[in-house]
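**Q** What follows is each chain in one-letter form.
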Amino acid sequence: MLADAYAPLREIPDLDVIDGSQAGVFRIGEQRARLAVRPRTHAAAAAALRACAAAGLHVVPYGGGTAQTLGHPPFRIDVVLALDLLRGIHAYDPHDLTLSVEAGTTLAELAQTLARAGQHLPLDGAQPARATVGGLLATGHAGWRAGTYGRPRDLLIGLRTALTDGSQALSGGMVVKNVTGYDLGKLHAGALGTLGVILRANFKVMPLAPARRFVAAALPEGTRASVLTRIDTLILRPSAALVLRGWEGELPWKSGDEGSIAVMLEGAAGEIDRATRDLRSALGAAGIPGASIFDQARADDALAQLNDLWGSEIGGRSAAYCLRDDTTRLISWAAMLERIAVTEQMAVDFAADLLDGRLLVRLAAPTGHALRSSLPSCEEFIRKEAPGARLLHAPEWARREFPVWGGEPSAIARMREIKRAFDPAGTLNAGRYVGKI
Amino acid sequence: MIEQSASFTQRLRAIVGDDGLLTDPQQLRLYMYDGSIERALPLAVVLPRTPEQVAALVRLCHAEGVFLTPRGAGTGLSGGSIPLCGGVVLSLARMKAILSVDTENQMATVEPGLVNLDLTRHVSPKGFQYVPDPSSQGACTIGGNVAENSGGPHTLTGGVTTNHVLELQLVLADGTQVSVGSQAPDPPGPDLVGVVCGSEGTIAIVTRIVCRIVRKAECVRTMLAAFDSCRAASEAVSAVIASGIVPTAMEMMDHPALSAIEAFSHAGYPVDAGAVLLLELEALREEVEDAAPRVVEICRAGGASEVRVARNEEEREALWKGRKKAFGAMGRIGPSYYVQDGVIPRTRLPEVLDRVEEAARKVGLRVANVFHAGDGNLHPLILFDDHDPDQAKRAIAAGEEILRACVEAGGSITGEHGVGMEKRDYMGLQFSEATLAAFTAFRDACDPGHTLNPYKLLPSGLGCAEGGKRQKTLTQMQALAERNAAIGEAY
Numbered sequence: 001m002l003a004d005a006y007a008p009l010r011e012i013p014d015l016d017v018i019d020g021s022q023a024g025v026f027r028i029g030e031q032r033a034r035l036a037v038r039p040r041t042h043a044a045a046a047a048a049l050r051a052c053a054a055a056g057l058h059v060v061p062y063g064g065g066t067a068q069t070l071g072h073p074p075f076r077i078d079v080v081l082a083l084d085l086l087r088g089i090h091a092y093d094p095h096d097l098t099l100s101v102e103a104g105t106t107l108a109e110l111a112q113t114l115a116r117a118g119q120h121l122p123l124d125g126a127q128p129a130r131a132t133v134g135g136l137l138a139t140g141h142a143g144w145r146a147g148t149y150g151r152p153r154d155l156l157i158g159l160r161t162a163l164t165d166g167s168q169a170l171s172g173g174m175v176v177k178n179v180t181g182y183d184l185g186k187l188h189a190g191a192l193g194t195l196g197v198i199l200r201a202n203f204k205v206m207p208l209a210p211a212r213r214f215v216a217a218a219l220p221e222g223t224r225a226s227v228l229t230r231i232d233t234l235i236l237r238p239s240a241a242l243v244l245r246g247w248e249g250e251l252p253w254k255s256g257d258e259g260s261i262a263v264m265l266e267g268a269a270g271e272i273d274r275a276t277r278d279l280r281s282a283l284g285a286a287g288i289p290g291a292s293i294f295d296q297a298r299a300d301d302a303l304a305q306l307n308d309l310w311g312s313e314i315g316g317r318s319a320a321y322c323l324r325d326d327t328t329r330l331i332s333w334a335a336m337l338e339r340i341a342v343t344e345q346m347a348v349d350f351a352a353d354l355l356d357g358r359l360l361v362r363l364a365a366p367t368g369h370a371l372r373s374s375l376p377s378c379e380e381f382i383r384k385e386a387p388g389a390r391l392l393h394a395p396e397w398a399r400r401e402f403p404v405w406g407g408e409p410s411a412i413a414r415m416r417e418i419k420r421a422f423d424p425a426g427t428l429n430a431g432r433y434v435g436k437i
Numbered sequence: 438m439i440e441q442s443a444s445f446t447q448r449l450r451a452i453v454g455d456d457g458l459l460t461d462p463q464q465l466r467l468y469m470y471d472g473s474i475e476r477a478l479p480l481a482v483v484l485p486r487t488p489e490q491v492a493a494l495v496r497l498c499h500a501e502g503v504f505l506t507p508r509g510a511g512t513g514l515s516g517g518s519i520p521l522c523g524g525v526v527l528s529l530a531r532m533k534a535i536l537s538v539d540t541e542n543q544m545a546t547v548e549p550g551l552v553n554l555d556l557t558r559h560v561s562p563k564g565f566q567y568v569p570d571p572s573s574q575g576a577c578t579i580g581g582n583v584a585e586n587s588g589g590p591h592t593l594t595g596g597v598t599t600n601h602v603l604e605l606q607l608v609l610a611d612g613t614q615v616s617v618g619s620q621a622p623d624p625p626g627p628d629l630v631g632v633v634c635g636s637e638g639t640i641a642i643v644t645r646i647v648c649r650i651v652r653k654a655e656c657v658r659t660m661l662a663a664f665d666s667c668r669a670a671s672e673a674v675s676a677v678i679a680s681g682i683v684p685t686a687m688e689m690m691d692h693p694a695l696s697a698i699e700a701f702s703h704a705g706y707p708v709d710a711g712a713v714l715l716l717e718l719e720a721l722r723e724e725v726e727d728a729a730p731r732v733v734e735i736c737r738a739g740g741a742s743e744v745r746v747a748r749n750e751e752e753r754e755a756l757w758k759g760r761k762k763a764f765g766a767m768g769r770i771g772p773s774y775y776v777q778d779g780v781i782p783r784t785r786l787p788e789v790l791d792r793v794e795e796a797a798r799k800v801g802l803r804v805a806n807v808f809h810a811g812d813g814n815l816h817p818l819i820l821f822d823d824h825d826p827d828q829a830k831r832a833i834a835a836g837e838e839i840l841r842a843c844v845e846a847g848g849s850i851t852g853e854h855g856v857g858m859e860k861r862d863y864m865g866l867q868f869s870e871a872t873l874a875a876f877t878a879f880r881d882a883c884d885p886g887h888t889l890n891p892y893k894l895l896p897s898g899l900g901c902a903e904g905g906k907r908q909k910t911l912t913q914m915q916a917l918a919e920r921n922a923a924i925g926e927a928y
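Residue numbers (the numbering used here), protein chains in the order written: chain A, 1 to 437; chain B, 438 to 928.
Just chain A, same shape as in the assembly (with noise of 0.2 Å):
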């Protein structure tokens, strides 16, 4: 029965359609797909997703496949629709400070193309050679300097999405201020492509600064608290500042008992000088004794290297929470993970956000079967102290069994029939989003 509701699929012109073994590149959690489907042209989307959705199939949009792990594991995956082949600029103006770029389009290849032109769009995801715009946008993906420069949805100044019955809608423009009807493509960035899929973006850019410092420093027994107190009256605002525990491996600094700090500054030379020296007093003042310093292109790497622990996972023994709260909290929770992690044998790590007010934690146990029974009573746990915190990534059993998204915001009624009024037939992502929508 399901060939038969595929072969509309077929004759759609502009798309390609993959089955059998070749389709099983594309991966959701621990499923992989039986069939693909790679449009060549907005139009082909929109008509592969009205064909689906004609026909009954659950379709999931497929960007770079870096964060499938997110949210409930899908009711049921008949299609996959890979953007890979929306890719490219479509416009940009380095004089507007605006850009306009197709969903497939990696981060990667947008950053190179801004940096070409002094500028920046300063929106981290993980894996940024993989990760794409659309992909970015659809989870809502705030990165380490989101405290400073904003999520997606505040660089987002137009979108243009595919629906379930083969329109194609439009929201916002290529200007950076805009009240014309209702703001939907910030309705659709977070959303996780349940309510329709996003094919090409639109964002304000802004000039890359000069000088760009990223300076980490290991945190001895005593210090963190301190330096805690001291990051809040640093004169220049960081874009970026985590204290960090673990990671071992991964991060290209030496870390101490109470773990490390990094700092990443942007700004003109002189300013980021005198950011610098303010900086050390301040962690002199804590007692830290020294700190690693990179500069430029080596502070962008170091920045990157931070991001990509979001996506962060030790092959089917790992698991990732994001907790949100205010900063002190988020420590105290982060050491009281730590303890119960050392009952339950598991390790832990973790980044917090100190401008933004998020954990990163991620616990991984020695084997997967060895997560299946240490994970439960850190679930608890967090559900009991951050009842909002959300679970990144996970073993799929783990993922159809907890509350990913926490618990249900009050506006959920409101929330499923707006999912109604865009997907009727329940055709995107559908049982992965909040209340399983």
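Simulated from the structure, these hints should not be mistaken for laboratory data. Small disclaimer: the values here were computed from a predicted structure and weren't measured. Here a beta-carbon is modelled for each residue, glycine too, at the ideal position from N, C-alpha and C. One or more of the hints may lead you astray.
To list a few chain A residues with every Cβ distance to chain B over 10 Å, as calculated [said to hold, decoys possible]:
hint : residue
1    : Arg-76
2    : Leu-251
3    : Ala-335
4    : Arg-390
Reference listing, derived: stretches of chain A covered by chain B, where coverage requires no fewer than 3 residues with Cβ under 8 Å from a Cβ of chain B [unchecked claim]:
hint : segment
5    : 230 to 237
6    : 316 to 326
7    : 351 to 364
8    : 406 to 415
Given chain A, work out where chain B should sit, using these hints.
**A** Just chain B now, kept in the frame of chain A:
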């Protein structure tokens, strides 16, 4: 409706009390207006004091099928708070408290009727500010700013309202109270804060706002540059951006605007100039000291006859004074004005300004320009007599031509004033049928009966369901000018 109104008003009174209900025609007339030229008389005005009262009012109107139009300070420029379908105006003016300020986490919780500037004044002694600063900030409310997703001169780097709202308490169209967004980052679910901002009161009524406050910059430098023409000033704007400097504000005023502003505000502007740019840099001292001389040099290289840098806060305020009161100053050169709000990519400024001038000339009217050049957000003020239907008709024609020019240049029909009643029938210039259908589907999902602020934002024929029928309505200024004349006679 009128026959039913006695018992209905009793029920309104039961919710808000005697002093929270206005039904006297003399009082109602004050709520016919906003900052646009639109007019319509409500059946009643309610002034709730609590979110619970708002919810009860919405439930009542929802149950009775009575249209409800939320209202902040009534400073909107697109007719967003005009009760075109009659019904009840819900004024948030009495819900104006600052409920809490948390400087450590850089946020404030406020009620929707709080005046924008009052928040900045409140947090200023602690070294903080609220960034969105529409020119009407001394009167407009933060709830109204959320509805319109307001901007202002300082949003070039700082962003607009949506970038500064963390959490909203809402009353939905059926009277349900919900909270959307979060004080902590990345709450789960679709970004309802993002889509409520700019929804012009058509999908929910905001009863509480948690907004971001930010530290004031260490160093601010404000300067004025005078040019022979708008084209030269526009090219200077592009040259500044091309140099890698993004000022926090880049405002332009053309010669007719300068004459009116100077006569009104005595701000000391060079009235002989063809155009003036007002630029502001905010950052750490080193960055400002590095950038300011470069901006001066770029302006001079671009033909600026004069560049004046404010030496102190007093001079800075003087430079801003004229700009902030620019719209009010237009009364010096014309009985009324029709302001457009199109946005274009900033590199297209010179050609589109030529088309603005041409559009006004073609219909025999004058135009003055005061706008956010850095954002490409035009504010052409077409000067006309609002009691002369023929002039109004010509102003409409020029306005439409300007909006077409903006869309053809890759821009948008409104940057910050909203669609409201005024521009809803121009939505088709910018968006396809499919996109308008998506907007309507969203509106229907949130407010199936279109109880909240009907006849706004969506094109007529899409926007207002009454008695099960879609109605075409009169919307544009020619009809309104005729109606104004009738209203003038009636009152």
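**Q** Please go over all the hints and tell whether each is borne out by the structure.
**A** Verification of the hints:
The Cβ of Arg-76/A lies farther than 10 Å from every Cβ of chain B, with a closest approach of about 22 Å, so its non-interface assignment holds. No Cβ of chain B comes within 10 Å of the Cβ of Leu-251/A; the nearest lies about 23 Å off, and the non-interface call holds. Interface exclusion of Ala-335/A from chain B stands, the closest Cβ pair being 19 Å apart, more than 10 Å. With a closest Cβ-Cβ approach of about 7 Å to chain B, Arg-390/A is found to fall inside the 10 Å limit, against its non-interface label.
Look at the segment 230 to 237 of chain A against chain B: 4 of its residues bring a Cβ nearer than 8 Å to a Cβ of that chain, three or more, so the hint holds. Residues of the segment 316 to 326 of chain A with a Cβ under 8 Å from some Cβ of chain B number 4, which satisfies the need for three, so the listed coverage holds. With a cut-off of 8 Å between beta carbons, the segment 351 to 364 of chain A has 3 residues touching chain B; three or more are needed, and the interface restraint holds. For the segment 406 to 415 of chain A, the stated coverage by chain B is satisfied: 8 residues place a CB nearer than 8 Å to a CB of that chain, which reaches the threshold of 3.
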